[in-house]
Amino acid sequence: MMNTFWLLFSAEWRHFRAAKGLVLLCALLLLTGLYGIYYGTTEIERQRQHLAALPELTRRNVEELKVKFPGPADAGEIGYYHSTYAVHHPNAWASLSLGQRDVNPYYVKLRLLGLQNQLYATDNTNPMKVLSGNFDLAFVLVYLFPLLIIALSFNLLSSEREEGILTLLLAQPVRSSVVVGAKLAFRLAVVLGLAWLLSVVGMLWAQVPLDSRVVTWLGLSTLYCLFWFGVALVVTALQRTSAFNAVTLLGVWLLLVVLVPSLLNLGVAAAHPVPQGIELTIKQREEIHAGWDRPKAQTMNRFFALYPQWRDTATIRERFVWRWYYAFQHLGDVAVAPQAAAYATGLQQRYDLVEQLNLLSPAINAQGSLNALAGTDLPTHLQFQRSATAYHDALRAFYYPYLFRQAEFSHHDYALEPTHTFTSQPELSTALRGLGKLLLSVALVYGLGFGLLRARPISPR
Amino acid sequence: MMHSIAQKEFVSTLRDKRFLVLSVLVLALLLAATLVGRASYQTQQRERQLAQHTVNDQFRRQPARHPHRVAHYGSFAFRPKSGLSLLDAGIDSYTGTAVYLEAHQQNSVNFSQAQQSGSLIRFGEMTVAFVLQMLVPLLIIFLCFGAFTQERETGTLQLLLSQGISLWQVAWGKILGYSRAVALVVAPALALAALLLFSGEEFASGPDLVARLGLFVLSYAVYFFLFIVGAVVVSARQASSRAALVTLLGLWILGCIILPKATANLGATLYPTVTKAQMDAAVHEEAQHGINGHDPQDQRSAALKAGLLKKYGVDSEEKLPVSVGGVLMTESEAYSAQVYQEHFAALNDTYRRQNRISDWVGLLNPYQAIRPLSMGLAGSDFAHYVHFQQAAEAYRYRLVQRLNALQTSMGHGDKERKLEASTWRQLPVFAYQSPTLGWAWPHLLLPVVALLLWAVGLSWLGLRLISTTPLV
Chain A
1 MMNTFWLLFS AEWRHFRAAK GLVLLCALLL LTGLYGIYYG TTEIERQRQH
51 LAALPELTRR NVEELKVKFP GPADAGEIGY YHSTYAVHHP NAWASLSLGQ
101 RDVNPYYVKL RLLGLQNQLY ATDNTNPMKV LSGNFDLAFV LVYLFPLLII
151 ALSFNLLSSE REEGILTLLL AQPVRSSVVV GAKLAFRLAV VLGLAWLLSV
201 VGMLWAQVPL DSRVVTWLGL STLYCLFWFG VALVVTALQR TSAFNAVTLL
251 GVWLLLVVLV PSLLNLGVAA AHPVPQGIEL TIKQREEIHA GWDRPKAQTM
301 NRFFALYPQW RDTATIRERF VWRWYYAFQH LGDVAVAPQA AAYATGLQQR
351 YDLVEQLNLL SPAINAQGSL NALAGTDLPT HLQFQRSATA YHDALRAFYY
401 PYLFRQAEFS HHDYALEPTH TFTSQPELST ALRGLGKLLL SVALVYGLGF
451 GLLRARPISP R
Chain B
1 MMHSIAQKEF VSTLRDKRFL VLSVLVLALL LAATLVGRAS YQTQQRERQL
51 AQHTVNDQFR RQPARHPHRV AHYGSFAFRP KSGLSLLDAG IDSYTGTAVY
101 LEAHQQNSVN FSQAQQSGSL IRFGEMTVAF VLQMLVPLLI IFLCFGAFTQ
151 ERETGTLQLL LSQGISLWQV AWGKILGYSR AVALVVAPAL ALAALLLFSG
201 EEFASGPDLV ARLGLFVLSY AVYFFLFIVG AVVVSARQAS SRAALVTLLG
251 LWILGCIILP KATANLGATL YPTVTKAQMD AAVHEEAQHG INGHDPQDQR
301 SAALKAGLLK KYGVDSEEKL PVSVGGVLMT ESEAYSAQVY QEHFAALNDT
351 YRRQNRISDW VGLLNPYQAI RPLSMGLAGS DFAHYVHFQQ AAEAYRYRLV
401 QRLNALQTSM GHGDKERKLE ASTWRQLPVF AYQSPTLGWA WPHLLLPVVA
451 LLLWAVGLSW LGLRLISTTP LV
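Going down the list, the protein sequences come from chains A and B.
Using the UniProt record's numbering, read the first sequence as starting at 1 and increasing by one per residue.
Using the UniProt record's numbering, read the second sequence as starting at 1 and increasing by one per residue.
With the rest of the complex left out, here is chain A (with noise of 0.2 Å):
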């Protein structure tokens, strides 16, 4: 049994390398492999380029400052022309798949005012770019893959059908499950080989750490291939010719891949309408505005509500003080942190909603899991809002004691103020729930192919 296995996988073999076509799909295919992992590193390192420039522009900032302010200033004027960033640092494995890190800003400028209408600036990108999308390593897999299995496998038995062979084949002693088998195992040979090759590569480029993250995405390219030779395996055993198959194959590509993910996308957003974040920035800029207007009392009252240790300074009789300012630009974040915090978690839930959902498209629940290891998913950018406004509270908390107390900044100040870094995390959990959900799936459409030629065994014709 196992010779006539190996006699069989052997002739595939010979059969691919005399069709011209099929070496040259998978070639094109490795060429594509190996430009989405050039494209996903160099933009990640663009990325990161762009990161390491900026303590650069907060240093001539500082320096601009010393010149302006060339003995000792009030920190209140310093908050307001000074600037930091709160960074978010792409892991390794964002080059492979770069997720929404073109979409989602990586850096925050951040002055001492009201930190809501600075957390939402996008940086700058080109809509046209955005809209056509990235072309990584993560791409590769989830689009183009399935294209090259069904590719291989949609003929898998109906070529040999239609040219007759298949009566001669099935008349010598085989089972018709081996030779489905063999044939199939070469065509699975043939792919894995070229995603675990090409994810190896893309490894080494990105020079990502040797740890449990490299078994798991191995384990999603895998399962996610052998899905797409699932769904080749049950439409084999619809015994139907090669234009059906084709035409089928690509219809359940088509759906999975494009149909579902954008249908989905239209419900989520139905169920979950997120309040529209500038709702929120015209609320602040109300609340703050109106701080110019009211009472100093009042404000500085509702103030020191919030922070008690500051109620003992002196009482305001000046006609601007800074503290007062900055005390303002803080209750217009205070105003409107519902509609952040209900912004935020809307976002979260419509995440969720697709994570609950996506055992509807294997694409789907590939593109997550792969982003989700590689941190460049909604979660990951809620952190970093979350790390961001931690470090505006820091930088605050900075600030007060000079603000209140009353403090001169001097030269050597500038050294003590707090500094941000925010690194992607990979979620293994959600990466892990990926590949339980495609194991899942892969079982699925075995057990549906397995029955299918059970119900009903190979006829030559």
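The reader is advised that the hints may include incorrect statements.
Here are the simulated EDC-like cross-link-like pairs (lysine to aspartate or glutamate), alpha carbons at most 20 Å apart as the crow flies [what the hints assert, rightly or not]:
| no. | chain 1 | residue 1 | chain 2 | residue 2 |
| --- | --- | --- | --- | --- |
| 1 | A | Lys66 | A | Asp413 |
| 2 | A | Lys296 | B | Glu416 |
| 3 | A | Lys109 | A | Glu77 |
| 4 | B | Lys418 | A | Glu286 |
| 5 | A | Lys68 | B | Glu286 |
| 6 | A | Lys66 | B | Glu285 |
| 7 | A | Lys109 | B | Glu416 |
| 8 | B | Lys418 | A | Glu318 |
| 9 | B | Lys418 | A | Asp293 |
Pairwise CB distance ranges (calculated) [said to hold, decoys possible]:
| no. | chain 1 | residue 1 | chain 2 | residue 2 | range |
| --- | --- | --- | --- | --- | --- |
| 10 | B | Phe198 | A | Tyr307 | 50 to 60 Å |
| 11 | A | Ala18 | B | Asp349 | 48 to 58 Å |
| 12 | A | Ala18 | B | Gln42 | 55 to 65 Å |
| 13 | B | Gln42 | A | Gly21 | 44 to 54 Å |
| 14 | B | Val449 | A | Phe9 | 47 to 57 Å |
| 15 | A | Leu359 | B | Leu31 | 20 to 30 Å |
| 16 | B | Gly200 | A | Val215 | 29 to 39 Å |
| 17 | B | Val274 | A | Leu359 | 37 to 47 Å |
| 18 | A | Tyr307 | B | Gln288 | 27 to 37 Å |
Hints listed in this document are in silico derivations from the structure and should not be mistaken for laboratory results.
Ideal Cβ positions, reconstructed from N, Cα and C, are used throughout, including at glycine.
Based on the hints, put chain B in the right spot on chain A.
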């Protein structure tokens, strides 16, 4: 004879169950996308109108304030959706919806749909354009791949030719027949869209919308015609149905998925975008140091003050009829706005260069010709977006300068005083007039030329190829 072939293809297509299922599916998707497009148009448009109304109202109802306070309070400009964007949302989901307009700086347009959708949106958005650009060509491929190969495989092609009809006529007959079948699928959806557009009160229907919709339908007709001719030609040149199908699907994947992504990314690699942080720093640097870089702000304002004293023939600031602060604000706003404009122009230029690569590839790939054309007609492309950005900036500049003029006229000691609340009601609010087709036309020239070249080239070259195709 040609017409009877066309009739035969049309009828047999309608009888083909596979095609029936597929076309019903595509039609259902088209109708659904139209209705969804309208619903999302309505919600977004309502949200934006309401928001614009709210901020305008807030602006008018401000208390007595110092004009510079009002300039900092600023305003918002919301980008209205264009009526046809219900058919093709273009880049609308990836651009922000609102820009904050304030003194001293130009802000970016924030809060895009893409940021609110997670990674799902990256698989593609279900819009009419998406179905027309990607799915209908697939339908055409499934419909036409066997046009010649099947006839050849069953031996009916020779029978046909023995009737004295030429290959050329057979090919045109088939093309006509398939065109009718495709029209049957697409026309109802476009008719519904037109009905929604012209019956809905929320759409400003006028000759411009009619022209845009007409051209929209026409360009897609050319686009589908291309695919039909292309598929028939490939079918004639390939040995078997299977080979024809695989070739056509390969071309579809290359044209509709791989090439657009690859060219967009190539553009971004060739012409790198400057980050907002870098741009802000550069703007700040220039605005601080002025043109020659040796004239710090304090010295400039001292010179300005001296000039004013001389002009009005007085010896102290208190005697001036104008506020020095107001004049200074006016000058510095003019200067910083110009610096910003230069930087934004350079940025948009970089984007244009990045996008131009994709536009030129339209000469090789019809998908990359129909996509910009369709967006451009729908008013959801990059050029229309820049038009809005510039309108918002022009309004911002005028508003801030009016407020600066008010401050100037307050005379010396303006800082301690306020202008009464009724002042703000006299200032114009932001109202956006989207550009006409005449304005958009130059941006659409390249894709139009590309599409026409394809149509003419394919019809001519393809059918010549068919004439020389082997019969067996």
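Determine which of the earlier numbered hints do not hold for this structure and return their numbers in increasing order.
Numbers 7 and 16, in rising order.
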